[in-house]
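Going down the list, the sequences are from chains S and C. Sequential numbering of the first sequence, starting at 1, is according to this note's numbering. Sequential numbering of the second sequence, starting at 376, is according to this note's numbering.
A few of these clues could be false.
Unchecked claim - List time: in silico PhoX-like cross-link candidates among lysine-lysine, alpha-carbon distance up to 20 Å:
no., chain 1, residue 1, chain 2, residue 2
1, C, Lys377, C, Lys437
2, S, Lys170, S, Lys299
3, S, Lys58, S, Lys335
4, S, Lys63, S, Lys259
5, S, Lys170, C, Lys491
6, S, Lys93, S, Lys302
7, S, Lys206, C, Lys377
8, C, Lys477, S, Lys58
9, C, Lys437, C, Lys491
10, C, Lys491, C, Lys515
11, S, Lys300, S, Lys93
12, C, Lys414, C, Lys466
13, C, Lys491, S, Lys299
14, C, Lys477, C, Lys437
15, C, Lys437, S, Lys63
Derived from the structure by calculation, the hints contain no laboratory data.
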Amino acid sequence: MSMDVKALEDDRHHRYVLNMGPQHPSTHGVLRVLLELEGEYAMNLLPVLGYGHRCHEKIAEFKPAKSFMPNTARMDYLGALIYNHGFAQLLEKAAGIEVPERVEYIRVITSELNRIQSHLLWYGAYLLDLGAFTPIMYSFDDREHILDILEDVTGSRLTYCYFRVGGVSKDIDEKFVTGTRAFIKRLRSRFPMYEDLVNGNIILQKRLIDVGELTPHTCARYGITGPLLRGTGVAYDMRRAEPYSIYSKFDFEIPTGTKGDCMASFMVRFHEMEQSLRIIEQALDGLPEGSIMAAKVPKKLKIPAGDYNSSVEAPRGELSYYLVSDGSDVPYRLKVRTPSYSNLSVIPEMCQGMLLSDVVSAMGALDLVIPEIDR
Amino acid sequence: MKSYFSELFTGAWSLILGLKVTIKALVSPIVTVQYPREKIVVTPNYRGHIDLIKFADTGAHKCISCGSCMRECPSDCIVVEGEKREGVKGKVLTIFTLDFTKCSLCGACVEVCPTKALDYSDEYELAGSTREQFHFDLLKRVEERE
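Same shape as in the complex, but just chain S (with noise of 0.2 Å):
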């Protein structure tokens, strides 16, 4: 990898190149950002991947389509439901498998307390690379919660395989509905404690606002989604845009922002919280009774020739799956659209010019997550 750098006729301003990463705590994992720095400011960034790169689109092509979906919840370690929710879909909309509605609600609420987790790890960590170190106490705290919650249900605490072709793999109990109650109750609570600690706070301010503009234009060029296009003030979630399973039951917000920076994606995320606890409230309102599992799963699940996609709205923004089929067991391609990929490759443009405690700011706001880029 070289970089064509030319010193400057004029030796105080010479350039020069800063490796951050891949073991830079604030690249979360094995990313590599290539600086061409002068000075204090960032005039050229060139993210290096690849460390991470574990194949696992080539691994789905060699074995049962069914057998993928541990693979899935290894990509995105902090959205692993929702991979799986997205995979599960994938198939069943292949095989023509009709899912009972215990399932979806049961789905629901396990994916977006998936969510909600996420972002409380984002948002401890985000405000760790920011150098306040007290918030991820606070914010783990609130995430422990929901890691034992579907633990209890699961059996994992992070790489979750809960979901199967047409159902999941253990029933919601009377003690999952009300620890999930107490938890939503108890978040609530908290997100005022949060206001005052982290969203108020003077140096938080000063950081994340007008850094790392983004426009609704650089987000459609980039194919950027998720929070990022979301603060720029564009509505778009795929749970409302194309609603999957039964989002379209639910009465939630789409959260948006309208400058586009840092701190528009900062808040959405955090506005997101909330409306996922009006979702799964709503969703153990009306919980149905009924099976756990479609009622004909073939045992070797033939998928028919031909082509079939399935999008979810993941953390960071949407995922997809794209399968095409010989009309065997094995799918011929496995094609997976992650969305921090699209996201992380706005960078160069977007950090351009910027101070480095800046360029910090503006990745973590991306809410990179190294595995599902490299995958």
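Assemble chain C onto chain S, guided by the hints.
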């Protein structure tokens, strides 16, 4: 000038508000668990690595060595072998090993088992210095268990 002072004031006030939260947390009860001196109770639904169940009524496992789990496993980490013995109906299990380094805890083997002979263990304190430490001989484990 006016905005400078108003910002100074709101900024200072925001810091005081934040400090109030931390001071409150200082006197609130501890939420962390002092591992390893203290341990939390792990939920019975926790998915550890798989284990053969020892049934109390027979004092043995129920594996019929059909190999369903071996075929269903997405990562090929289970090896099951059985042999035919004279005077015994069906096959007798001779080998049941799990390569836990490859397992992704999806639970397909537990769900596919026709005799419900498999279950998740609740072991979560797994650490080792060699790969071989995670090659579990489940048959030996079930025989050694009380």
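These are the hints, each one checked on the structure:
The straight-line distance between the Cα atoms of Lys377(C) and Lys437(C) is roughly 81 Å, outside the 20 Å bound, and the hint therefore fails. Under the criterion of a C-alpha separation no larger than 20 Å, the hint pairing Lys170(S) with Lys299(S) is consistent with the structure, at around 18 Å. Only pairs whose Cα atoms come within 20 Å are accepted, and Lys58(S) paired with Lys335(S) is accepted, the gap being roughly 9 Å. About 46 Å separates the Cα atoms of Lys63(S) and Lys259(S), which puts this hinted pair outside 20 Å; it is violated.
Proposed proximity of Lys170(S) and Lys491(C) is supported: the alpha carbons are some 15 Å apart, at most 20 Å. With a CA separation close to 12 Å, the supplied pair Lys93(S) and Lys302(S) stays within the 20 Å bound. A hinted pair counts as satisfied when its Cα atoms are at most 20 Å apart, and Lys206(S) with Lys377(C) qualifies at roughly 18 Å. Taking the CA atoms of Lys477(C) and Lys58(S), the gap is near 17 Å; set against the 20 Å cutoff, the hint holds.
For the hint linking Lys437(C) to Lys491(C), the alpha-carbon distance of about 8 Å falls within 20 Å, and the restraint holds. Proximity of Lys491(C) to Lys515(C) is assessed by CA-CA distance (about 19 Å); at most 20 Å being required, the pair is judged to hold. Straight-line distance between C-alpha atoms of Lys300(S) and Lys93(S) comes to about 16 Å, which keeps the hinted pair within the 20 Å bound. This hinted pair does not check out: Lys414(C) and Lys466(C) have alpha carbons roughly 42 Å apart, beyond 20 Å.
Distance restraint check for Lys491(C) and Lys299(S): the Cα-Cα separation of roughly 17 Å lies within the 20 Å cut-off, and the hinted pair is therefore satisfied. In summary, the hint linking Lys477(C) to Lys437(C) is not supported, as the alpha carbons are separated by about 25 Å, beyond the 20 Å threshold. Distance check on the hinted pair: Lys437(C) and Lys63(S) sit about 29 Å apart at the alpha-carbon level, beyond 20 Å; violated.
Checked against the numbered hints given earlier, the structure breaks hints 1, 4, 12, 14 and 15 and satisfies all the rest.
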